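*Asks:* For the record, the sequence lines run as chains A and B. First residue of the first sequence: 1, per our numbering; consecutive thereafter. First residue of the second sequence: 1, per our numbering; consecutive thereafter.
The hints are simulated quantities; they were obtained by calculation from the structure and are not laboratory data. Quick caveat, the model's predicted, so the values are computed rather than measured. By construction, the Cβ of each residue, glycine as well, lies at the ideal position given by its N, Cα and C atoms. Careful: at least some of the hints might be erroneous.
[Stated by the list, open to error] Cut-off 27 Å, straight-line C-alpha distance, at most; resulting in silico cross-link-like pairs (BS3-like, lysine-lysine):
#  : chain 1 : residue 1 : chain 2 : residue 2
1  : A       : LYS78     : A       : LYS42
2  : A       : LYS42     : B       : LYS71
3  : B       : LYS113    : A       : LYS57
4  : A       : LYS57     : A       : LYS78
5  : A       : LYS57     : B       : LYS17
6  : A       : LYS57     : B       : LYS57
7  : B       : LYS101    : A       : LYS78
8  : B       : LYS71     : B       : LYS113
9  : B       : LYS57     : A       : LYS78
10 : B       : LYS113    : B       : LYS17
11 : B       : LYS101    : B       : LYS71
12 : B       : LYS101    : A       : LYS83
[As the list claims (entries may be wrong)] Only part of the chain A face toward chain B is listed, based on derived beta-carbon distances under 10 Å:
#  : residue
13 : GLN37
14 : VAL43
15 : ASN51
16 : GLU53
17 : GLU56
18 : LYS83
19 : HIS106
20 : SER114
21 : ILE115
Spelled out from the first residue to the last, the chains are:
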Amino acid sequence: EPEVTQTPSHQVTQMGQEVILRCVPISNHLYFYWYRQILGQKVEFLVSFYNNEISEKSEIFDDQFSVERPDGSNFTLKIRSTKLEDSAMYFCASSEAGRFGNQPQHFGDGTRLSIL
Amino acid sequence: KNQVEQSPQSLIILEGKNCTLQCNYTVSPFSNLRWYKQDTGRGPVSLTIMTFSENTKSNGRYTATLDADTKQSSLHITASQLSDSASYICVVASHNTNAGKSTFGDGTTLTVKP
Numbered sequence: 001e002p003e004v005t006q007t008p009s010h011q012v013t014q015m016g017q018e019v020i021l022r023c024v025p026i027s028n029h030l031y032f033y034w035y036r037q038i039l040g041q042k043v044e045f046l047v048s049f050y051n052n053e054i055s056e057k058s059e060i061f062d063d064q065f066s067v068e069r070p071d072g073s074n075f076t077l078k079i080r081s082t083k084l085e086d087s088a089m090y091f092c093a094s095s096e097a098g099r100f101g102n103q104p105q106h107f108g109d110g111t112r113l114s115i116l
Numbered sequence: 001k002n003q004v005e006q007s008p009q010s011l012i013i014l015e016g017k018n019c020t021l022q023c024n025y026t027v028s029p030f031s032n033l034r035w036y037k038q039d040t041g042r043g044p045v046s047l048t049i050m051t052f053s054e055n056t057k058s059n060g061r062y063t064a065t066l067d068a069d070t071k072q073s074s075l076h077i078t079a080s081q082l083s084d085s086a087s088y089i090c091v092v093a094s095h096n097t098n099a100g101k102s103t104f105g106d107g108t109t110l111t112v113k114p
């Protein structure tokens with residue numbers, strides 16, 4: 001069964017450094033998402049992406065964050081200047097349809113980001 | 001403010017027993033409600049998706065119910081197995097938003113013991 005893959009599985013970065021998290025969504029999916037989960041807390045929506053542009057973003061997704069689909073397969077999340085509070089598990093997800101979302105979202109297993 | 005409340009926070013049951021997890025929400029206007037299973041250290045896996053017109057949906061030993069009038073949902077697990085030990089998350093989406101910007105519950109941590 002096709003799956004969403006994320007790399008790296010664990011990223012350790014110094015505060016203030018830039019970090020790029022990578023995701024390969026399921027090939028025929030059109031909608032892509034990033035979520036984060038701080039240890040012990042609920043999953044939080046960051047951003048959704050469709051047709052090469054952001055379709056929706058949360059209050060968390062400020063100017064330090066950006067997303068890109070640089071080619072036909074990868075979907076990336078960049079954090080420009082990391083802060084301690086960015087430490088979390090970051091999940092990528094994809095789905096065949098987005099608006100009103102009656103299609104299942106498929107999640108990757110996440111990248112654990114640790115900021116020192 | 002859109003909210004999703006799940007209960008209980010955690011639950012321990014013996015293998016082979018049944019259990020029911022609860023989800024109450026205040027998301028409006030309602031689009032769909034999803035139940036996910038999240039194993040420790042893994043991403044959430046979709047179990048069921050229900051729209052306004054559906055009041056029950058099954059996926060193997062998992063059966064979800066939805067009462068859109070009272071804004072309540074439940075997830076019933078039948079004949080539990082050790083592999084059912086996980087966090088079960090209720091997620092509600094609104095018509096006003098892309099599916100991604102859904103409201104997540106805190107999850108119920110289920111432990112199945114032999």
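*Asks:* Hint by hint, work out which the structure violates, then give me just those numbers in ascending order.
*Replies:* 3, 5, 6, 8, 9, 15, 16, 18, 20 and 21
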